[in-house]
Structures are given as C-alpha cells and as structure tokens.
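Model the full assembly from the supplied sequences, consistent with the hints where possible.
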Amino acid sequence: MNVLEPYMDLILSVVYLVGVLMFLTIFALLAVWLERKVSAHLQDRLGPMMTGGWHGWSQTIADALKLILKEDIIPAVADRKLFRLAPYLVFIGSLAGFAVLPFAHNLIGSDINIGVYYVIAITSLVVIGILMAGWASNNKWALYGAMRAAAQMVSYEIPVALSLLIPVLMAGTMSMQTIVQNQAGGFWNWYVFQSIPFSLVAFVIYFWASLAEVNRTPFDIPEAESELVAGFHVEYSGMRFAVFFLAEYGNMFVVSAIAATVFLGGWHAPFTFLDFIPGPIWFIGKSMGLVLVQLWLRWTLPRLRVDQLMHVCWKIFLPFSFANLLLVGLWVVLKG
Amino acid sequence: MIDILIQAIFWLFVVLTVGSAIVVVFSKRIIYSAFALLFTLIGVAGLYVFLAADFLAASQMLIYVGGILTLIIFGVFLTAKIYGMTIPDQAHQRYLALLPVAGFAAVLIHVLFSADWNLLQSTAEPTTENLGKLLLTTYLVPFEVASVLLLAALIGAMRISRPREEDDDR
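These protein sequences, in sequence, are chains A and B. For the first sequence, the residue numbers in the numbering used here are 1 to 336. For the second sequence, the residue numbers in the numbering used here are 1 to 170.
Keep in mind that the hints are not guaranteed to be accurate.
20 Å max Cα-Cα, derived SDA-like pairs, lysine to any residue [claimed, not checked]: (1) B:LYS28 x A:LEU297; (2) B:LYS133 x B:LYS28; (3) A:LYS81 x B:PHE26; (4) A:LYS81 x A:VAL333; (5) B:LYS133 x A:SER58; (6) B:LYS133 x A:LEU85; (7) A:LYS81 x A:LYS315; (8) A:LYS315 x B:SER59; (9) A:LYS70 x A:SER58; (10) B:LYS28 x A:ALA96; (11) B:LYS28 x A:LEU165; (12) A:LYS37 x A:ILE26; (13) A:LYS81 x B:SER59.
Calculated from the structure, these hints are not laboratory results. Please read all numbers here as calculations on a predicted model, not as lab measurements.
Printed below as a string of structure tokens:
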C-alpha cells in the first residue's frame, strides 16, 4: 500500500473518471429508453415492447450496439478533419461539466472555488462543436441547425447565468459543495424555498432557459425534425452520431443536476429522518426527476418559432432575471 | 511522479497553445484558422490554471470561446468562397516588415529580462473574492465605463440591424 501512496490522488481521479463515463453511458441508455416510453404513453401508444422482455427494457442497448457496428460514413463533400473532430468537442464539453457535480458530501470530481462559473464557461465548447459539425457536414440543413443552435445557446446563457447567480448570492460562494451544505436540514432550507418568491422565479427561469441550452422542446428549433430533418447532426451516422447523442443526454443530466444542486438541496434528504438513505440516491433521484419533466415537456408542448424564442429570452426572461437579482440582493442585505 | 505528470500537462498546454497558434497564422483556409483559435484559447486558459488564476481561466473560456470565437466563426461563415479563397502568400516589403518585427521582439525580450518574476511562495488561493471586492471598490469606475460602452455598442448594433422605417413605406 505504501508503494501506491503517492499515486492515490491520481488513481482515484482515473477511477472517478471511468465511473463518470460509465454512469453517463448507463444514464443515456436509460434516458433514451425512458424518452421513447414516455412519448409513447403520452400519445396512448406502448412504445418498444419486444427487446429484452419486460417493456422492451433493452431496446436502447440493442440500438447502441447497432450504432457501434455501423459503417462510419463521411459525406464526400464534407470537410473531413472538422467533421471528425466535432463530435468529440461536443462530448468533451458535456463530460467536463460532470467534474464539479457533487454526487455526495465526499463524492465530487473537484470542489473548485468557482464551480458554478466553471460549468457555465465549459459549456461554451458545446457551441463551438455544434458550429463545427454544422459547417463540416456541408449540408444546408446542418448549417441552419448549427446557426440556430449557436444563436440560441449564446442568448440563453445570459438568463441561465443570471438565475444561477441567485443561489450564489444567497450562499456567498460559487463552490458546489458549500452551496449544498448551506441547504442542510429539511426541504424548507432548500434555496428554492428561501426568499420566496424570488428564488422560485429564478428556479423556473433557470429550468426553462436550460431547456434552450440543451436544445429540448419547446426550444428545439436547432434539431426540429419536421423542418431541418435533424439539424446539425443530420449527416452523422454510426458511432459519431452515438457520441452526439451521448453528449446531448449528458447535457440534459448536467443541467438538471445543477438545478438539483443549487436549488433543490443537492444530496440532502427532504426530511432529516431520511438521512440514512445515501446522498447519491437523493442527488441522482432529484436530477432524474427534472430529466423526466424535460421528457414530459418535450412531448406536450409545440415548438417555438425563432422570433418567439428570442422574444422569450430577451424581453421576458432577461428583465425578470435582472429584477430578481436586485430583489434577492436586497433580501440578502436585509437578512444580514 | 506526480510532479512529472504536472510538468507533462503543463507542456501539453504549451504545445497546444503554440501549435494551434501556428495553424491560425499559417493555415491557407480561413475556417481552419478560426477553429484552430479555439485550441489556442483553451491552451491559454490552461496556462492560467497553472498560474492559479482560476477565475481568469473560466472567464477566458466563457468570454473568448463562448462569445468572441462564436462571433468570429459566424463572421467566417458569412465570408464568400471560404475554401476557394487564395490568401496571397507572396511576401511584399519583406525588408521593411523587418523593422516593426524587430522592434516588437526587442520590447518583448526587454520585458522578459527586466520584469520581476516573483513566484508565489504560498499555495494557490482562490482569487474570486478579491477580484469581486476590487471591481466594486477601486476599479468601480472603469468597470462601469466598460459596461456603458458595451451597452451602447449593443443598442447601436440593434439600431443598425433593424430595417429603417422609411424603407417600409416604399
């Protein structure tokens, strides 16, 4: 054991990274299956029922295997270098967000001082990756999708950042673990129920704006199947397409997990007598709950037009976020 | 062992920064220059982390990668004939260019040798709190001036991009 002592940090980091990758893969398989089941049941269908026996639970595993075995096709007119690079950029941007997610009080990649800010910053990679994919595909639908995605993600970053500032303001720190620790002791101490109604408004704005950040309905115009076929990844197939898909579902989890961390008490149980249930279960459970809401909204709401999208962002979310920020600042000062 | 690994990561960021910067300058296709700039900016952010400037590194990613580079790429997309464009690669006024280049190199070398490179002896401390305090006390006026300037630019851009009203009447 003494031989390994100096390398413990390194070994633990590698183990954690592998664990996160496995978690992301399993989550994506589960979420895709859930997406199909939820959509089916909302539309009074059954969805996949055959593969694996019980309610087609292994359908997405079979689909993933199919994608891995598929031939890797690069369109003749595509820009080969950028076409190959783009999926990895999007995936790295998504995976890097996991580094600061606090799964439990002792289970976090890195509890850096600028946790919340880091997540907002690192997701910039996703925008560039999507632009690269759209351009390299040399396809007008892909380019339209990429341009829409970039415009939308850059715009909605502002309400997301402003509403994330509210828990930061109340906690006085950007470290994810400290924010969670400040919400200990029952659900009434969660930041979403503090300084009512401002943080509730912030939570709602964050949730809606994060839907736009991850290109989900009602803000899914970058991928609108009925007008753009599939948006920026229309030319991708096989494993590269799977990487895009993994990144997209990873992003869904990251934005939900951030909401669970800063607004819903992270790994804390809603009642203190439930503390015997381990933190990761609460954390993943809260995040999965929000992911389910995302699925539910996707199959319930129609898609917004581009101008409506920008209207919602700049004329509704932004003024409310600014007013909210001022009022919470006042609340924090008065509370002392 | 860990030190060697940290050194290796440091040099990885150095190579990433310089290597992609060379692509930015010498690439014949402007789209490759724009995308190579991404790796230069990431490399610089990584070097900021090695200097214990965590907030600066995240800001570098958010502002340069998320904002400025996205705008540059949009600009490149709007350029006509991105692939067919021939960037003139003949050197004009080669000897005249030597003057400013040599002058700039002299300034850089002078700074390199005259600057007081004091290494931080203590372990890295978070910088966010001090930065925030300084921005709202000592540097409040520059901060506000920059904000008003950006707001004016934003309103100006909106005014220019809107169709003019007299155009609608025709």
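Comparing the hints with the structure gives:
With a C-alpha separation of about 46 Å, the suggested pair B:LYS28 and A:LEU297 falls outside the 20 Å cut-off, and the hint is violated. Taken as a hint, the B:LYS133 and B:LYS28 pair is broken in the structure, with Cα atoms around 46 Å apart against an allowance of 20 Å. A C-alpha spacing of about 17 Å is found between A:LYS81 and B:PHE26, which places the hinted pair at or below 20 Å, so the restraint holds. Straight-line distance between C-alpha atoms of A:LYS81 and A:VAL333 comes to about 53 Å, which puts the hinted pair past the 20 Å bound.
Between B:LYS133 and A:SER58 the alpha-carbon distance is near 54 Å, which puts this suggested pair outside the 20 Å criterion. Between B:LYS133 and A:LEU85 the alpha-carbon distance is near 41 Å, which puts this suggested pair outside the 20 Å criterion. With a CA separation close to 40 Å, the supplied pair A:LYS81 and A:LYS315 exceeds the 20 Å bound. With a C-alpha separation of about 26 Å, the suggested pairing of A:LYS315 with B:SER59 is violated against the 20 Å cut-off.
Of the pairs offered as hints, the one joining A:LYS70 and A:SER58 holds, with about 19 Å between alpha carbons and a cut-off of 20 Å not exceeded. For the suggested pair B:LYS28 and A:ALA96, the alpha carbons sit about 32 Å apart, so the restraint of at most 20 Å is broken. Between the alpha carbons of B:LYS28 and A:LEU165 the distance comes to roughly 43 Å, so the proposed pair goes past 20 Å and is violated. Distance hint between A:LYS37 and A:ILE26 is fulfilled; the C-alpha atoms sit about 17 Å from each other, no more than 20 Å.
The suggested pairing of A:LYS81 with B:SER59 is violated, with an alpha-carbon distance near 28 Å, which exceeds 20 Å.
Hint violations for this structure: numbers 1, 2, 4, 5, 6, 7, 8, 10, 11 and 13, all remaining hints satisfied.
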